[in-house]
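*Asks:* In the order they appear, the protein sequences are chains C, X, E and R.
Our numbering puts the first residue of the first sequence at 160, with every later residue one more than the last.
Our numbering puts the first residue of the second sequence at 681, with every later residue one more than the last.
Our numbering puts the first residue of the third sequence at 40, with every later residue one more than the last.
Our numbering puts the first residue of the fourth sequence at 87, with every later residue one more than the last.
Please keep in mind that the hints were generated in silico from the structure rather than gathered at the bench.
Just to be clear, a hint being listed does not mean it is correct.
To be verified - Straight-line alpha carbon distances no greater than 27 Å define the calculated BS3-like cross-link-like pairs of lysine-lysine that follow:
hint : chain 1 : residue 1 : chain 2 : residue 2
1    : R       : K533      : R       : K499
2    : E       : K129      : C       : K435
3    : E       : K73       : E       : K152
4    : R       : K426      : E       : K199
5    : E       : K219      : R       : K564
6    : R       : K557      : E       : K219
7    : C       : K249      : R       : K697
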Amino acid sequence: MQQQELRQLARKLLEEGTVKVVIGYGQPVAGAPAFPVFITDPAKVDLLVWNEQCFHNLTGYLKRKEIRALGKPAIVVKGCDERTLVMLEKESQIVRSDVYVIGMACSGVGDPLSAKCGYCEVHMPRFADVVIGQVDNPPVDPSARYAVLDEFLSAYPTPAARMAYWQEELGRCIKCYACRQICPLCYCERCIFDKNRPTCVDTSPTLKGNFGYHITRAFHLAARCIECEECTRACPVGIDLRLLNQSLSRGAEEHFGFRAGMDSEAELVVGSYSLKDREDFIQ
Amino acid sequence: MSETTDSAATNGFEPRIIAFVCNWCTYLGADLAGTNRLEYPSNVRIIRLPCTGRIDFNLVVKALEVGADAVIISGCHPGDCHYTAGNYHARRRWMLFREVLQTLGVDLRRIHFAWISAAEGKKWAQFVADVTAQTRELGPYNEYRQIIEAEVS
Amino acid sequence: MQIGYYPGCALHGSSNDYEMSVRATLTALGVQLKELDDWICCGATAAHSINKKLSIALPARNLAIAERDGYSEMLAPCPLCSNELMKTIKELSDSPALRREIAEVIELPIEGKTQVVNIIQVLQMVGVERIREAVKRPLSEFRPACYYGCLLTRPAKILKFDDPEQPGSMEEIVEALGAKPVQWNYKTECCGAGMTMANEDTVISLSHKILANAEAHGANCVVVACPMCHVNLDMKQRDIERRQGTRHQLMVYYISDLIGLALGLGEHELGIDRHFVSAPLAAVKE
Amino acid sequence: MSRIGVFTCWCGENIARMVDVQRVTETIAQVPGVRVAVNYKYMCSDPGQASIRDKIVEEKLDGLVVAACSPHMHLKTFRRAAAAAGLNPYLVEMANIREHCSWVHKDKELATAKAIEIIRMAVEKVRRNHALQPIRVPMTKRALVVGGGVAGIQAALDIADAGYEVVLVERDPSIGGKMAGLSETFPTLDCSQCILTPRMVEVGQHPRIKLHTYSEVEGVEGFVGNFKVQIRKKARYVDMIKCTGCGDCWAVCPSKKNLSEFDQGMGYRKAIYIPFPQAVPARPVIDKEACLYLKNGKCGVCAKKCVPQAINFSDQDEVITEEVGAVIVATGYRLYNITKDQDNSKLTGYGEYGYGLYKDVIDGLQFERLASASGPTGGAIKRPSDGAEPKKIVFISCVGSRDEQHGMTYCSKICCMYVAKHAMLYKHKVHDGEAHIFYMDIRAGGKNYEEFVRRAIEQDGAVYHRGRVSKITQENGKLVVRGADTLLGQPVTIEADMVVLASAMRPSEGATRLAQMLNVGVDEFGFLSESHPKLRPVETNAAGVFICGACHAPKDIPEAVAQASAAAGKVAIMFANEELTRDPEVASVNELTCAACFTCVRACPYTAIEKAMVLDGRGNFIKNTARVNPGLCMGCGTCVAVCPSKSVDLEGFSEEQIYSQVESLAL
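Make a model of the complete structure from these sequences and hints.
*Replies:* This is the structure in C-alpha cells:
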C-alpha cells in the first residue's frame with residue numbers, strides 16, 4: 160500500500176521533473192535487507208520497495224558528489240533518518256529546499272524489531288514534504304533509550320572490567336572503516352584518519368590504533384549522533400559501537416537537554432556554551 | 681611537601697604526568713610557583729597552549745598513547761579567559777569526553793581538570809603534588825600500557 | 040484551609056490576647072490552625088546573641104516536626120518567631136553540611152520544606168477579597184496607623200514579604216474592612232522591643248515617637264502584628280504618657296482584632312478587653 | 087635536516103644550582119638536527135645575546151631554542167636577537183627550565199632529567215616552526231568617537247589635531263554632555279561652561295571632525311582598521327543647513343511646559359528648542375512628543391516664523407554608514423535613581439528616602455542646575471516644591487554607592503568632592519544657610535582635593551556627620567532626616583528644607599548594547615572592561631576599540647580628560663603606521679579539506695571566522711569553506727580543537743608542533 164503510493168509519487172516527481180533522482184530502497188532478493196537504489200528513470204520506479212527490511216539510513220548519500228551530480232534529489236526517509244536531515248541542515252551540509260523529502264510512516268524495521276525501534280519516538284516523519292502512510296507514536300519510556308548502555312555499564316561496573324571488554328572487542332576491529340562510511344554524519348571531505356601531518360590519531364592496525372580510531376569516531380559524533388545505529392549494523396565483526404555513541408547521546412541529553420535532530424530550533428552543543436555548564440569535575 | 685620526592689612507599693614507581701595548560705593563566709601560575717620557589721614533584725611535563733579552548737581530546741588520547749600515567753588539563757577560571765570564552769567551550773567538550781571515557785573504562789582518576797589562575801602558584805604546586813601522590817598510589821597505567829604494547833591485531 | 044500553627048512563647052504567655060484574637064478571627068475566616076506538636080521556644084534574641092548553632096538548632100527542631108507532620112505552611116504570628124524560623128530555613132538551605140549536622144543535633148531529619156508565614160501572609164492566602172466580602176460591620180470610624188515594626192518586613196531578602204521601608208499590606212487589609220488607614224512615617228521604626236526590660240528609657244522615647252507621629256497624621260488607633268510591639272505601645276502607654284507628660288489614649292489593636300470586629304466578633308472573644316488601653320475612638324479630625 | 091641551536095642559560099646560579107647545565111648541553115647536542123648546543127652564565131646579557139647572534143650566522147642556524155626562564159620573561163628578547171642576526175623571530179622557542187624546573191625542584195638528578203626533556207620538547211617544536219611575517223591589514227585612518235561629553239570632545243580634538251578625520255556621534259541635540267550642565271568645578275571652582283564651551287566650539291568648527299548630534303550608533307560590522315558603522319540620525323525636523331539658529335522659532339513656540347532634560351527636569355523648554363544657549367551645533371530640534379503640529383496637525387507657527395524655511399515637519403530618521411578604522415567609546419554615565427522600579431533586578435531603590443517621591447529630595451546633577459548661573463533659577467538656590475530658599479540642606483553621600491543592600495558595591499569616587507563643592511556653593515549663595523553632610527569616609531585623593539574639602543569645613547562651615555541616613559520623612563513642610571553620627575555615637579535628626587543625594591554613577595543607558603555591538607566586555611555593573619587594568623587601561627579586548635571616561639568606571643573631569651587623550655594617543659599611534667601589523671600567530675583554514683560544518687564559526691570568540699566560498703579562476707562556485715580573517719583572529723585556537731577534520735590550524739601552536747612535543751615524551 161505505502162509501497163504503491165511511494166512508487167506513484169516517485170514516478171510523478173520524476174516525470175514532472177520536480178526531482179532528477181529518487182534515493183530509495185531496492186530489494187532484488189525478497190526478505191534480504193534492502194539496499195539503496197537511485198532512480199532517475201520514471202519507468203524504473205517499480206524497483207522501489209518499502210518494507211521492514213529498509214534499515215538503511217539513506218541520508219548519507221545526499222553529500223556524495225556523484226549523487227549531487229545527478230541533480231535535485233528526492234529521498235525516502237523514516238522518522239529516525241529524518242533526524243539526520245535536521246543535523247545536516249544545522250551543520251550547513253544541505254539546504255532543505257534543495258531536497259524533496261519523502262517521509263515514510265514507519266512502525267519499525269527488522270524482524271525481530273530492531274532495538275532502536277523499541278524506543279523510537281518519531282514513527283511519523285515531522286519535516287518531510289510528503290508523508291506516506293499513518294502510524295501513531297506509541298508512548299515511550301525515556302529510560303529505555305539507554306537500556307543497552309545501562310545493561311553494559313552494570314555488567315561491567317569497574318573501569319578495569321570495561322577496559323578489558325573493549326580491549327577484547329576493539330582487538331577484533333579490522334579497520335574496514337565501514338562504521339565511518341555508513342555514518343550519515345561522517346561527511347568530512349578529508350577524514351582526520353587520512354591526515355598524516357601530523358597523525359593526530361594513530362591509524363596503525365594495532366590495538367592502540369583501534370582505540371584511537373574508535374574514541375575519535377565516537378567523539379566526533381558527540382551531541383550529533385542521531386542513533387540510527389547503522390555503524391553497529393554495518394560492523395562486519397559485530398562490535399557494539401552503539402555503546403560509545405549512546406554514552407555521548409546521554410551526556411548531551413543530561414548536561415544540555417539536547418537530542419540530536421529532535422528539535423530543529425535547538426542550538427548545537429559543540430561550538431556553543433553556557434555559563435551554567437556544570438564543572439564539579441574541575442578542581 | 682616532604683612526601684613529594686619520597687617514593688619509597690610506592691616502590692620506586694615515578695608516574696609520568698603530562699599537563700596541557702593555557703598560556704595566560706595556568707602557565708603563568710606555574711611560573712609564579714617558580715618565582716615563589718614552591719617545591720613540587722618533578723614528574724609533570726608542561727605543554728603550553730594558547731588557551732584551554734585549543735586543547736583537543738585527541739591530545740589527551742595521544743598523551744595516554746605515549747605512556748602518560750596521568751594527564752592534567754588546566755586553564756583560566758570561568759570569566760578570566762584571555763580570549764573571553766575559550767575555557768567555556770573547552771569545559772563543554774570535557775563534559776562529553778568524560779562520558780565516552782567512562783564507557784570505555786579509561787580511568788578518570790588519571791585525567792585531571794583544574795582552573796588555575798596566574799595568581800594561583802600555590803594551587804598549581806599543590807595540585808601537581810596531589811595528582812602525583814594519587815598517581816603514585818594508583819601505580820603505572822598498565823591497562824593503557826597493554827593497549828600500547830599489544831601486538832598487531 | 041488548614042495550616043500548621045506555631046504559637047511561640049509569647050502567645051502562650053504575656054500575649055495570650057493575641058492568640059485568642061488570631062484563633063477566633065482565622066476560625067471565622069475558615070482557616071483551621073493545627074498547633075505544632077511538642078513545639079519549643081524559637082530561641083528568640085537570647086539564643087542568637089549567645090550561640091549561633093543553638094539559635095539554628097531550636098527553630099530547626101520546630102521546622103523538622105512541622106515537616107514530619109506534613110505541614111506545607113506554618114503560621115508563626117510573632118514576627119520574631121517567624122524571623123528565627125525563616126532565617127533557619129535559609130541557613131539550612133545554604134549549607135547541606137550544616138543541615139546534616141543540625142539533623143544530628145535535633146535527632147530529626149530536616150530539609151526546610153515547610154514554609155513559614157506571618158499572620159498577614161495567612162490573611163493574604165485567605166484573600167483580601169474574601170475578607171472584604173465577609174465583613175459584617177464596616178469599620179468606617181477607624182483611622183488606624185498600621186504599624187509593622189522592625190521585624191515584620193526585615194530582613195527583606197530572606198522574608199520576601201513586603202517592602203521593608205514602605206510596606207502596604209496591612210493598609211490593604213484594613214481598607215477592605217472599611218477603615219481608613221492614615222499615611223504616616225513610623226511604620227517600620229523600632230518600638231524598643233526587648234529593651235523594655237534592659238533600658239526602659241529608650242523604649243519609652245521610641246514608642247512615644249511612634250504614637251505621637253500616628254496621632255499627628257490623624258490616626259485614632261494603631262494596628263500591630265507583633266506581641267512585642269503591642270506590649271510597648273499598649274501596656275506601656277500609660278508610663279509613656281506619664282514620663283513624656285503627654286496624653287495619647289490610643290487603642291492598639293492586633294490586625295486580627297480589627298478583622299474580628301469587622302466580622303462581628305465580640306471584644307471579649309477577641310481578647311481586646313485584655314488590652315491595657317481602652318479608650319473610645321477619638322472623633323476623627325477630617 | 088634542520089640546523090637548530092640550543093642555548094642553555096645558567097641564569098647565574100638560578101638554573102645551574104639545580105640543573106647540570108653541562109650534562110644538559112652534552113645530551114642535547116646528540117639530538118638529531120641540533121647543530122650547536124652551548125651554555126652560558128647569562129644568555130639574556132649582551133654577551134649572551136651576542137654569542138647567539140654569532141652562532142646563528144656562523145652555523146646558518148634555522149631554528150633556535152633558548153633554555154632559560156619563562157617565555158613570558160624573555161621570548162621577545164631572544165626573538166629580537168635572532169631577528170638582528172637575520173633569523174626569522176618566529177623560529178625561536180624557549181624552554182622554561184627555571185620557573186618550571188630549577189626553582190621548584192630539590193633533586194638535581196631529577197631536575198636535570200626534566201630539563202633535558204623540556205628542552206627536547208622545545209627542539210621538536212621549533213623544528214616545525216614556520217618563518218612568519220607580521221600580518222598587514224589595510225586600515226581606514228578615520229576614527230569614530232561615541233559620546234560628545236568632555237571625554238569624547240577631548241578624544242575627538244586630539245585625534246583631529248593629530249591630523250586624522252574623526253566622526254563624533256552624540257545622542258543628544260548638542261555635544262557637551264554632563265559637564266555642560268555643571269555649575270562650577272572642583273577643586274578650583276571655575277565655571278564649567280566657561281572652560282568647556284570653547285572646546286565645544288572647536289569641535290563644531292574643526293575641519294577634520296564630522297559631527298552627528300541627535301544620532302545613535304545602531305550597528306557595527308567589520309574589524310580593527312575596517313569598521314562599518316551604522317548611525318541613526320534621528321529626525322530633527324529642522325534643516326541643519328538652512329537654519330541659522332536665529333531663535334525666532336522657539337521664541338514663538340506655544341508648547342512651553344516640557345521638562346528640560348538639560349536642566350534635569352528642574353526647568354522647562356519649548357517643543358522646538360536648543361538644550362542650552364551655547365549648544366553645538368546651535369541648531370534647534372523639535373520634540374515630536376511635545377510639538378502640537380506633529381501631534382495633531384495644528385499650530386506650525388515656528389514654520390511660519392522661520393525666514394529661511396528650515397522647519398521640515400515631514401523629516402524622517404535616517405540611517406547612514408560611516409567607515410572608520412578605530413572606535414573610541416566615551417558614553418559616560420547616568421545617576422542611580424532612588425525610585426522603586428529599576429532597570430536592573432539587583433537594584434532596589436531607596437524606600438527609606440521615599441523612593442524619590444519627596445519633591446525637595448533631589449540629586450547632585452539637579453543641584454548643579456540650581457547652582458548654575460545659566461540654570462532655571464538663574465543660580466539662586468530655590469527648592470523645587472515652592473521655590474523658597476532652603477535655610478537648611480542635608481547632603482547625603484554614597485547613595486547607591488558602596489551599598490550592597492541597594493545593589494552597588496563600588497565607590498562613585500567623585501561624590502565626596504562635589505558634595506563639598508555643593509556645600510560651599512550653597513554657603514556662598516545663602517550665607518545664613520546650614521549645610522549638613524552625611525558621609526561614610528571622605529575620599530579626597532587628588533591634587534588640591536583634600537585642601538578643598540578642608541576649606542568647605544573650616545572656611546564655609548559645612549557640618550560633616552560621619553554616618554548614614556536611615557530615613558527621610560516629611561513632617562509639616564520639613565524633611566525630617568534621621569541618621570547617625572558614628573563619631574559622636576548618637577542618632578542625629580535634622581529638619582531640613584531640602585535634601586541633595588550624591589547618587590551613584592552608573593554607565594549611561596545603552597552602554598551594554600553598544601559594548602555588545604563592538605564585542606567589548608562589561609562588568610557586572612555594565613561598565614566597559616579594559617584589556618588590562620594596569621598596562622592596557624584604554625584598550626579593550628576588541629582590537630581597535632578603545633574606551634575613556636565614565637563608561638569605564640566612575641571618574642572626575644581631569645581623569646576622564648586624561649584617559650581621553652590616552653585613548654586618542656593609542657588611535658594616533660595606530661594611524662601613524664601605513665597599515666596595521668598584527669601578530670602572525672593566528673589560525674588559517676585548509677579550504678580544500680574544510681567540510682564547511684562551520685562549528686569553528688560558531689565557536690570563535692572573536693567572530694573572526696566567516697562562511698566563504700571557494701571559486702575557480704572564472705569565479706564559478708566550487709565549494710563552501712570556513713575562512714579566518716587574520717585581522718580579527720587573536721590566536722586562541724578554539725577553532726582547531728572543534729574542527730573534526732583538523733582543516734584549521736594555528737601558527738605557533740600547530741598540530742604538528744604540539745603532537746611532536748607530546749611524542750618527544752614517549753617512553
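*Asks:* All hints are to be evaluated individually against the structure, with a verdict given for each.
*Replies:* To see whether the hints hold, each was checked on the structure:
| no. | hint | verdict |
| --- | --- | --- |
| 1 | R:K533 to R:K499 | holds, 14 Å |
| 2 | E:K129 to C:K435 | holds, 23 Å |
| 3 | E:K73 to E:K152 | holds, 17 Å |
| 4 | R:K426 to E:K199 | holds, 15 Å |
| 5 | E:K219 to R:K564 | holds, 25 Å |
| 6 | R:K557 to E:K219 | holds, 25 Å |
| 7 | C:K249 to R:K697 | holds, 14 Å |
Comparing the model with each numbered hint stated earlier shows that all of them hold.
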